[in-house]
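Start from the sequences and build out the full structure, keeping to the hints where you can.
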Amino acid sequence: HSSDTSPSRRRLLFTFHAPTLSLSPQPTYNPSSVERESRVRSPPIMSVVQSFFQQCPSASVNTLSSSSHSSRSVKFSVYCCSLASPLTLVNGNTDKKESERNEIRLGLPSKGRMATDTLDLLKDCQLSVRQVNPRQYVAEIPQLSNLEVWFQRPKDIVRKLVSGDLDLGIVGLDTVSEFGQGNEDLILVHDALEFGDCRLSLAIPKYGIFENINSLKELAQMPQWTVEKPLRVATGFTFLAPKFMRENGLKHVTFSTADGALEAAPAMGIADAIVDLVSSGTTLRENDLKEIEGGVILESQAVLVASRKSLIQRKGVLDTTHEILERLEAHLRAVGQFTVTANMRGSSAEEVAERILSQPSLSGLQGPTISPVFCERNGRVAADYYAIVICVPKKALYKSVQQLRAVGHSSSFTYIS
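Sequence positions in the sequence shown follow this note's numbering and run 10 to 426.
Keep in mind the hints are simulated off the structure, nothing from the lab.
One or more of the hints may lead you astray.
[As the list claims (entries may be wrong)] The calculated label-pair distances, taken between Cβ atoms and stated as ranges, are:
hint, residue 1, residue 2, range
1, L327, Q233, 51 to 61 angstroms
2, Q230, N142, 56 to 66 angstroms
3, D129, T350, 21 to 31 angstroms
4, K324, E203, 29 to 39 angstroms
[Stated by the list, open to error] With a straight-line cut-off of 30 angstroms between C-alpha atoms, the simulated DSS-like cross-links for lysine-lysine are:
hint, residue 1, residue 2
5, K164, K318
6, K226, K299
7, K260, K299
8, K318, K132
9, K164, K299
10, K403, K260
11, K164, K132
12, K299, K120
13, K299, K238
14, K299, K318
15, K252, K120
16, K215, K226
17, K324, K252
Quick caveat: nothing in here was measured; it's all calculated off a predicted structure.
Ideal placement from N, C-alpha and C gives every residue a C-beta, glycine not left out.
And the structure:
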């Protein structure tokens, strides 16, 4: 590994000695040595190297070429973004004591709308992610000590949670369900972060033999589907889609794997139906496809997921998770809420409270806050007015103002969102 303790992208040079493989880091990085190469004296070793470096979310191992003088030699280069940490491979296994990490790792989506919305949410929760170099895959949140942020593909976040390389992650529920495959070590810490809303749904053409098919039950009862001619479904969800079909009695189904532009598959004749994520449904309609009753496999949005083992066994993970959860919950509850303040004349705080609580829209979250307003009158301090502070949902704002007027407020209102 790089001798520098700050994360940086470096070319790593290693020396391997079979059967015990010891990794010897070079103390300095010399750009002119990029063409230098390491040789592995046994072809199976390459797979061991690749397997080992998969522990680092940013590692990449590239085979350059085979040695001309020996079929048992392989040239490779390794690039890794990591902290300096000596590791040892013994017969293909890492020394757990040497590789034990102390930092807590949070996985976040690296690209796309999900990545942007995740960073925006954390910023709104006063958890700004600081990334020194946008090309790096590691960052930090200054408000959370001992926490590393790792930017990964959503499916890799789930895989690394399962493997123990990450402790926490923010991804879509569809991704957790597809790539977690019911793993009991994955815990949904917060199941509704209120962005990334979509649904995993089965869609069929509007035309041809499907023109009058409007439900999953009708699709399953179509006589066309046999062992010789099964229903062909294109999808990128190779775990959830077959599971859904089995559970709903569709026996004669085959699946083809695809990651993008699934809507074109039926028109191209390579599939009869698709299973894909749907947001507004506009893309389906523009490609003459339709959703059917009972065809929604999963309602999804962004979730905070954690490794059960990390929560139980790793020091500090539970406390950090609690703080993140508390901030998320506070922000999400506050969104769409307004604080309304007004002054009201009254003989006492209790008398004002009785008038306020007589109106159902003025109860607030736990009740109104009422405090005296002191002013000087005729040489003495008096409290003839009381300040009223209530928290109301945005949709009930105008109704609450009307009810405050009805019970006798005597000042202009202040709204704070």
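Okay, the hints, checked on the actual structure:
1. L327 <-> Q233: 51 to 61 angstroms: Given a distance of about 54 angstroms, which is inside 51 to 61 angstroms, the answer is holds.
2. Q230 <-> N142: 56 to 66 angstroms: 57 angstroms, holds
3. D129 <-> T350: 21 to 31 angstroms: 29 angstroms, holds
4. K324 <-> E203: 29 to 39 angstroms: 31 angstroms, holds
5. K164 <-> K318: 19 angstroms, holds
6. K226 <-> K299: With a Cα-Cα distance of about 15 angstroms, the restraint between K226 and K299 holds, given a limit of 30 angstroms.
7. K260 <-> K299: Holds, at about 22 angstroms.
8. K318 <-> K132: 28 angstroms, holds
9. K164 <-> K299: 27 angstroms, holds
10. K403 <-> K260: Outside the cut-off at roughly 49 angstroms; violated.
11. K164 <-> K132: Distance ~23 angstroms between K164 and K132 Cα, so the pair holds.
12. K299 <-> K120: With a Cα-Cα distance of about 29 angstroms, the restraint between K299 and K120 holds, given a limit of 30 angstroms.
13. K299 <-> K238: Within the cut-off at roughly 22 angstroms; holds.
14. K299 <-> K318: 42 angstroms, violated
15. K252 <-> K120: Holds, at about 29 angstroms.
16. K215 <-> K226: Given that 30 angstroms is the threshold and the Cα spacing comes to 16 angstroms, the pair holds.
17. K324 <-> K252: Violated, at about 37 angstroms.
When the structure is compared with the earlier hints, violations turn up for hints 10, 14, 17 and for no others.
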